[in-house]
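Enquirer: Next come the chains, spelled out residue by residue.
Protein chains: 2
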Amino acid sequence: MVNRGDGPDAGAADFVERLLAPAVGALRPPTALSPLPFDLNAGVPDAATLPARDLAEAARRALERDPAGALTYGGALGYEPLRAWIAERQSAETGVALTAANVTLTSGSAHAIDNLAATFLGPGDVVITPAPTYPGAVRAFRARGARVAPVPQDSDGIDPGALAEALRRLEAAGAPAKLVYVVANYDNPSGSTLPWERRTELAALARGHGALIVEDDAYAGIDLDGPPPRPLFAAAGGRGILRVGTFSKTIATGLRVGWITAAPSIVERLSFMRFDNGASPFAQRTVYEYLSAGGYDAHVAVLRDLYRERRDVSARALSELCGAHVTFRRPAGGFFHWLRLSGGLRAPAVVAAAAHEGVAVTPGANYYPDPGARPPGAPPPGERGESELRLVYSAHPPATLREAIARFAGALSRVAAGAPPPAHRPPPVL
Amino acid sequence: MVNRGDGPDAGAADFVERLLAPAVGALRPPTALSPLPFDLNAGVPDAATLPARDLAEAARRALERDPAGALTYGGALGYEPLRAWIAERQSAETGVALTAANVTLTSGSAHAIDNLAATFLGPGDVVITPAPTYPGAVRAFRARGARVAPVPQDSDGIDPGALAEALRRLEAAGAPAKLVYVVANYDNPSGSTLPWERRTELAALARGHGALIVEDDAYAGIDLDGPPPRPLFAAAGGRGILRVGTFSKTIATGLRVGWITAAPSIVERLSFMRFDNGASPFAQRTVYEYLSAGGYDAHVAVLRDLYRERRDVSARALSELCGAHVTFRRPAGGFFHWLRLSGGLRAPAVVAAAAHEGVAVTPGANYYPDPGARPPGAPPPGERGESELRLVYSAHPPATLREAIARFAGALSRVAAGAPPPAHRPPPVL
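Taken in sequence, the protein lines are chains X and W.
Position one of the first sequence corresponds to residue 1 (the working numbering), numbered consecutively onward.
Position one of the second sequence corresponds to residue 1001 (the working numbering), numbered consecutively onward.
If you are wondering where the hints come from, they were derived from the structure by calculation, not from laboratory data.
For each residue, glycine too, the CB sits at the ideal point set by N, CA and C.
Keep in mind that a hint or two might mislead.
Covered by chain X, per the in silico footprint, the following chain W stretches (three or more residues, Cβ under 8 Å) [as the list claims (entries may be wrong)]:
1. 1051 to 1064
2. 1131 to 1143
3. 1247 to 1254
4. 1262 to 1273
5. 1318 to 1326
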């Protein structure tokens, strides 16, 4: 008999603690926004560009045209015309003939990753990710009991040599990797884009070792220097690969409409391993009506111009004001600068000093699957994010970015000058 | 090296098969609609009552009032005013003082069950469910590697004596139940409603054995004979219990807005163990604007009248036309008749004969966690659903129900007369 006190929460914490799934202890906290005035931590799109009026109109049309369709369970795969729209676009882009049978709709790309984790991962299974990588994917993999094997990436993304070595090592150890996860375009957090040669190498390596590739293309469309190399999906000829997409970055994160493109046999299994009675047909049909109205490509072009300006303004400010303390490679798209601290500066101290200036940036360690553990022979601190930072340029207009980066520069100078770090708890990541 | 042929799907099936998570093999197929003309299989609300115009207006207001709020990530817990609205309602209903901190929003109640399964269940953990029970919950539990221990229910729901025995037995075996799952009101599939005495007994038993109760209240509001007993949540004083709710049955299944009410310490853990970047703020705010417009209670009252008529029409038709072959207890709410076949009729034969008449009903075995296995000493077939059927009265108007049940009666007579069953694959369940 457990004593739970007499309020709805009194004593409940202990009781709950004892019943938690083992996976709970294996995960780091999920994402959140920063309360600081200059939030360069949250990887969110610009709020002013959200096509709210067009979406209201699209929702109205979706509900008017087929109220029962928009408001009743839409099945595990989702709205067929939207799946066909995605398939058609991706056929053109990848050169692989795709139909609606190749596409399953999810509640955003985060849920897509959860869905594929449920389908392919059980306790002890191994997933290769780059290091650094997107922590949301790591959480979803570990929640299924999977083990994450990080492979270093450089400014061109995951290193094929290191990947080959990891695949061989895991196979030799009797625990071959089931999945290889990458954000090939405009990586979160590193901003890196995998060159075409690396894509073909990665595809050949995964195929050779019987691993499925997960190509998370969450930043697709946010091309700031022209189109990226053809998708990994194309390099793999559409075989042994799951490509994750979303309308979050090109329309709105609040819709929660994402998808997975894969062979029909995989799509079938993905639809079997979901537990949500399907994603929202209301949201899916609203998106479809929005797309059908014809303004989507023009909207994405506007976003590109907007984010390009922000990238360039922030890159210039970083070079001019912070050049003594950071190095970085200008990303070809997406939302992120990945900064390497020079002169022995440590990320936690810089993050704390920046917070003191009202600026939220994210410590690099948040993007390394295992920043805490450092077994004998492991890479030095620098490679585990202790001298790296992520800085988001997508969410704020140029003037705000300049002001935030000027404050950030002040923080860097103070840390470099050896000023004692102010007390501060680092913000969570997004 | 795996040969995957030369099309996107050629040879992929084998490759995929080998990589599937172990849980895939432990699950039965998910829900789906029937293609038959008289679908008494899908447990869906009436399509004509969907408040499409009001929801279009609500969506417009949500997008106009706070476009960035409606269209940007809304956090793991979800829109605070909607959580507060739910808490206020449930405070009045349960007598437990609740605030927004007691409520977390999910993508429908199906995702709520997945969320709590992720939070509390790992491989080998035990969940008690009634037998029969909702198969969607069983799938979500088993996907986390949990074991389901079924406890018989009668026409008043789960039997407290059998529950006490199961809890003791599991504890003695060193595998105490972590969760006790029930649909206390208008159960899917049995239509049973747990009397207040059983609710207090269940609450005491779960507390005594250190198990959390999951009260799935998906049919809340669909009260056809006045209000049901006070919630299990009230019987438990809000302690050691998670109450799952949804707007699917009272507004629309296509919105995918559900929630879990629990102690704040539990809500915090639930929000930690989700992998969707939060549910849709667009859908949540659309629902909130709809509720704020003030027509919700009147709408639910209309639904009650509508479903009451359908329940009564169908009950009358079943008694008059099928009384020789089935017995049932008229449910006090919800969507379902649970029929017991008399005279040795077997459900699979009746389902097949009904399908031949164009009528989809669901075999009882679909609702038993383990209908196939029958170890020595196990209950006789009747208790495993082989002489039971679920028949949905919610989705069709009275005339259609009468026609469908007349056809169903013909099927029963033919099976009773020993006519050979036509070839047919039984439809999937919803």
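Enquirer: It remains to establish, for every hint, whether it holds in the given structure.
Expert: Here's how the hints hold up against the structure:
no.	hint	verdict
1	1051 to 1064	holds (count 8)
2	1131 to 1143	holds (count 4)
3	1247 to 1254	holds (count 3)
4	1262 to 1273	holds (count 8)
5	1318 to 1326	violated (count 0)
Checked against the numbered hints above, the structure breaks only hint 5 and satisfies the rest.
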